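Undergrad: Same order as they appear, the protein sequences are chains A and B. The numbering of the first sequence is the numbering used here, which starts it at 1066 and goes up by one. The numbering of the second sequence is the numbering used here, which starts it at 1066 and goes up by one.
Read the hints as simulated data drawn from the structure, not as lab findings. It is possible that some hints are incorrect.
Note that the list lumps identical chains together, so a pair holds whenever it fits in one copy or between two copies.
As the list claims (entries may be wrong) - DSS-like mimics (lysine-lysine), calculated; alpha carbons at most 25 Å apart, straight line:
#1 Lys1322 / Lys1256
#2 Lys1199 / Lys1129
#3 Lys1199 / Lys1075
#4 Lys1256 / Lys1340
Remember, it's a predicted structure, so these values are computed and weren't measured experimentally.
There are 2 protein chains.
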Amino acid sequence: MAKPYPPLEKLPTPALLVDRRKLRANIERMANRIGGLGGTLRPHVKTTKSIDALQEIRRAGNVKGITVSTLREAEYFFANGVTDILYAIGISPNKFDAIASLSERGCDIKIILDNPDMARALSIDGETRGSTFKVLIELDTDGHRSGVDPNGSELLSIAEILGSSNGTELLGVLTHAGESYNCRTPDSLLKIARQERDLCVHAAERLRNAGFDCPVVSIGSTPTALSVDDLSGVTEVRTGVYVFFDLVMAGIGVCSKDEIALSVLASVIGHQRSKGWVITDAGWMAMSRDRGTSRHEIDFGYGAVIGLHDEDLGDLAVTQANQEHGIVTVRAAGDEMPFEAFPLGQAIRILPNHACSTASQFDCYFVVVDGEVVAEWPRISGW
Amino acid sequence: MAKPYPPLEKLPTPALLVDRRKLRANIERMANRIGGLGGTLRPHVKTTKSIDALQEIRRAGNVKGITVSTLREAEYFFANGVTDILYAIGISPNKFDAIASLSERGCDIKIILDNPDMARALSIDGETRGSTFKVLIELDTDGHRSGVDPNGSELLSIAEILGSSNGTELLGVLTHAGESYNCRTPDSLLKIARQERDLCVHAAERLRNAGFDCPVVSIGSTPTALSVDDLSGVTEVRTGVYVFFDLVMAGIGVCSKDEIALSVLASVIGHQRSKGWVITDAGWMAMSRDRGTSRHEIDFGYGAVIGLHDEDLGDLAVTQANQEHGIVTVRAAGDEMPFEAFPLGQAIRILPNHACSTASQFDCYFVVVDGEVVAEWPRISGW
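Whenever a hint applies, use it, and build me the whole structure from the sequences.
TA: Below you can see the structure in the form of structure tokens.
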């Protein structure tokens, strides 16, 4: 029998809610889309950090392994039976021990790097241990952050180092089109999605032409995964935030506000009527400090306010926040705050700018179906 | 014997470090300052959320009870032997049970509110339970967020409700000069500190003149506590971030950058030499999304970069961040990045904009003395 949960309006606040119907729809949409292009997903669990959420992703099929952003995620998911894990942050020597330990315990852990010096340090370390690190070379396909030039000489230098050592095995190439977060139109999204794919496939071909195996060609971001029109040459698509979506994704145009599955439950704790302020107990600690919509067409402050059961309460946002206080105001200057919708103690919900940062402030999700809590999913954080 | 810790440069990164010498100096400075004015501290543990850090505060003396920002903090500190606890966020009905439970278990828990409706709901709830909630009335002394006007009629209306019920006991008044965070000069800080004190003492006098007891007069913020020149009429000062300080406090002018006791240890994981970028594994998940210095004279991005042992490496900041990547650049346009100080794998440290938000991303502090880890202090988060 399911654990009995209090009604939504009685939950201690702030609390993190997941609308399971929306979550499943988002997961199916991505599975169908990537499946329809003949592709396979390697979901990025940095968004949910929850084995229960991963089960939902797996249920929709078309999934191979996972992507993680921390070693703690790797350990947690491995402890929960996941063995095919890609740690997609450039490795550094103080993490070699942890990777080797995972590998020795039977985890098929793969790591990434983008520098000949790191490749050399890793290969020597692997040789010394008598073990073999599995490595992808990170590519910079849009100037966003890390990675080597897919057309540059370092790609081949690194491959040479990795390929000529018993301490390392070159598995392939990987990129992430982070610049897709700056797109606002389907055309610009399609363009950057094709660029991410083309440059990654091209780098793989350069490696193969130089005599290296390159079985893995890994791309991905939620905006490009929902925009790319052809996955020829790509072996896996990494994407994370699509399971929840958020206001940033809505601003980019890859989802609607109604599809956002994650929200923060908050209580009205005060009013400053002369200023049109409703004060809640969801401040920046609950919403995170993420201001991801600040340069979007619609700036939602620290989050968009909706009713307990998805009611539209007007164009309201958390426009100011302290650690444990959120100040809700009407976004349009001159419009009146509908105070009658916000009596003291009233439970409301707030859609997050960025699901990854908001979810990371909490240690569990309350899963909601038809306005009732049906489950509690623990989640991890930290390193 | 102390647990042996690896050398600082071998710790898995990102990790949260506390310089114990600086921590102790900061704690002594505040204890001496408030003590010198004849005042008493009720430290706000929302910054550290650690019983070990509280022990350091208590060692310096002049402390009475604690202030908390979440019920989880209240439960954690109560479980660790602290009984005199003020929960300083406006109460709401979905928290009455938790407060009553703490009280029944022997916790001397005090709560706050700023509205006659909430006072009425609370008094009825207390009467129904046959217990008495201890309550402070929250004042708005600077237009910052919650609280009643110290000169308004609601103050007396609320006191009337609380004082005439067996379910509630009026303890006093409380305010927080949040606007002090917008000050940049000693004069403006002194002015807002006096205003915080004067209006709070005045409200207490109004209550006493109307026949109510008002034993507690509670004020506080780190900037005003370090600026106020007289505490006559004030019974306690609440302050939290001073134990660590941070770049926001340095920007306000109440500490120097050298006094900041909290930092994030990070590893260099890559370079983009043509752009002058050093990439580390401390992104916004580790630093938090706080951009508190964005409107200060010096904008440190997501944090200021220093050497492993406090070395000055130049005017460097984490100017861009992704979830687990931080991009370090030279702040002054045109200056060259000293890449020789940042070989791959190099451990560096990053000073936070806001200690409360950065610390909350981690579940423990590594305590450092003379460049060596001497202890690990667990900390809590969540609600």
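Undergrad: Each of the hints needs a verdict: does it hold here or not?
TA: Each hint tested on the structure:
| no. | hint | in the structure |
| --- | --- | --- |
| 1 | Lys1322 / Lys1256 | within (24 Å within a copy, 45 Å between copies) |
| 2 | Lys1199 / Lys1129 | within (17 Å within a copy, 56 Å between copies) |
| 3 | Lys1199 / Lys1075 | between (49 Å within a copy, 22 Å between copies) |
| 4 | Lys1256 / Lys1340 | between (45 Å within a copy, 24 Å between copies) |
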